[in-house]
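Whenever a hint applies, use it, and build me the whole structure from the sequences.
Residues per chain, in single letters:
Protein chains: 2
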Amino acid sequence: MNFPSKLVEEAVGEITKLPGIGKKTALRLALFLLKQDENFTVSLAAALLNLRTGTHYCQICHNIADAPVCKLCVDHYRDKTTICVVEEATDILAIENTAQYKGQYHVLGGIISPLEGISPTDLHIDTLLARLQSGEVKEIILAFRATMEGDTTAFYITKKVKELNLKITTLARGVPVGSELEYTDEVTLGRSIVGRINYEV
Amino acid sequence: MNFPSKLVEEAVGEITKLPGIGKKTALRLALFLLKQDENFTVSLAAALLNLRTGTHYCQICHNIADAPVCKLCVDHYRDKTTICVVEEATDILAIENTAQYKGQYHVLGGIISPLEGISPTDLHIDTLLARLQSGEVKEIILAFRATMEGDTTAFYITKKVKELNLKITTLARGVPVGSELEYTDEVTLGRSIVGRINYEV
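Protein chains in written order, with my numbering: chain A, 1 to 201; chain B, 1 to 201.
Among these hints, one or two may not hold up.
[Unchecked claim] Which stretches of chain A does chain B cover? Using the computed rule of at least three CB atoms under 8 Å from a CB of chain B, they are: (1) 5 to 19; (2) 23 to 34; (3) 38 to 48; (4) 58 to 71; (5) 83 to 92.
[Unchecked claim] Keeping only pairs whose Cα atoms sit at most 16 Å apart, straight-line, the calculated EDC-like set for lysine to aspartate or glutamate is: (6) A:Lys6 with B:Glu10; (7) B:Lys24 with A:Glu182; (8) B:Lys24 with B:Glu10.
Just so you know, these hints were derived from the structure itself, not from any lab.
These figures come from a predicted structure and were not determined experimentally.
All C-beta atoms, glycine included, are put in the ideal place defined by N, C-alpha and C.
So this is what it looks like as structure tokens:
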């Protein structure tokens with residue numbers, strides 16, 4: 001593609017680095033910005049920079065937060081005896097949208113995947129174990145994607161927490177196999193969390 | 001949707017103002033930025049700001065440019081006797097990609113649309129007439145979308161330049177009626193520019 005200007009080319013280059021955005025869409029977005037008032041781009045850029053530089057991660061559950069501890073962890077109305085362990089903060093959003101769960105969360109920040117070089121030490125498993133050792137927690141829900149990596153991670157955590165005598169549950173297999181939590185519809189995800197089953201190794 | 005932080009919510013709010021990006025995609029992009037190195041967001045934001053604040057518009061044809069005059073207008077190898085009049089700079093890109101046209105361009109910056117309140121005075125028609133009055137130009141190609149608005153604009157310009165005795169052509173109607181130039185495939189658009197026809201009012 002022959003871009004009309006270096007600046008357009010550079011902007012398109014940066015925008016196409018975002019997931020799911022190709023050259024045509026990037027060009028369309030760049031030209032859209034050119035047609036808008038300058039303030040539009042200024043506030044977009046500021047919001048992105050503020051997001052990246054100002055976002056905290058909860059010291060307890062590693063969720064995205066505005067403060068050192070996230071709003072779910074400071075909420076006294078939430079059940080402290082159950083922790084739902086998820087891969088990413090987006091999974092918390094998906095589960096919260098079902099309105100079927102009122103316990104705590106723990107974000108691992110990924111999933112065990114030897115193919116991608118992600119080992120248990122790369123994930124927030126240490127802090128999960130520390131939370132469980134306090135004795136307050138009675139149940140953990142392993143809410144991972146229904147793939148080999150999800151099963152591996154669930155297996156690893158189950159072995160790690162075996163001596164704590166917790167109830168270990170996993171989402172009902174209403175979640176379509178091979179798909180990611182984030183895209184599961186709310187009814188399916190809600191049912192799968194209500195009908196969660198004991199995790200058998 | 002319950003966003004985990006105000007900063008995420010603000011960023012999602014700004015991103016969804018872009019065309020064709022909904023809340024889910026915006027959230028996905030915001031969380032993607034959080035997972036990347038800080039430099040990623042810094043250079044994305046800088047590229048967008050540079051684009052918006054640093055882009056010039058060609059003094060001659062109103063195309064997007066890095067300098068006061070765009071690279072198509074300063075190119076001595078291009079035919080100075082033909083001007084292709086288009087709605088937007090993206091249309092120039094689309095026509096250039098066909099490699100079937102080696103003349104000049106003129107960007108109107110929109111199309112006459114009474115419904116959207118765009119009148120001829122909102123467009124770069126004055127500067128087009130000034131270019132035509134120099135006497136160097138022998139032909140103008142009216143390359144607008146195949147809609148009522150496109151036809152109206154072509155009709156208006158034809159009436160305006162009648163006394164100059166120019167050859168007035170329009171794209172062959174190989175372009176699907178009702179669609180925009182930007183999305184026409186290169187072969188169809190290339191053929192329609194080669195087989196352009198005299199404009200009959």
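Results of checking the hints against the structure:
Counting residues of the region 5 to 19 of chain A whose beta carbon lies closer than 8 Å to any beta carbon of chain B gives 12, which meets the minimum of three for the stated coverage. Proximity of the region 23 to 34 of chain A to chain B, defined as three or more residues with a beta carbon under 8 Å from a beta carbon of that chain, is established by the 9 residues found. With 10 residues bearing a CB less than 8 Å from a CB of chain B, the region 38 to 48 of chain A meets the requirement of three and the coverage assertion stands. For the region 58 to 71 of chain A, the proposed coverage by chain B is satisfied: 6 residues have a C-beta within less than 8 Å of a C-beta in that chain, meeting the threshold of three.
For the region 83 to 92 of chain A, the assignment as covered by chain B holds, since 4 residues bring a beta-carbon within under 8 Å of that chain's beta-carbons and 3 suffice. Our distance criterion of 16 Å between C-alpha atoms is broken by Lys6 of chain A and Glu10 of chain B, whose separation comes to about 30 Å. As the CA atoms of Lys24 of chain B and Glu182 of chain A are separated by approximately 10 Å, the hinted pair is consistent with the 16 Å bound. Between Lys24 of chain B and Glu10 of chain B the alpha-carbon distance is near 14 Å, which keeps this suggested pair within the 16 Å criterion.
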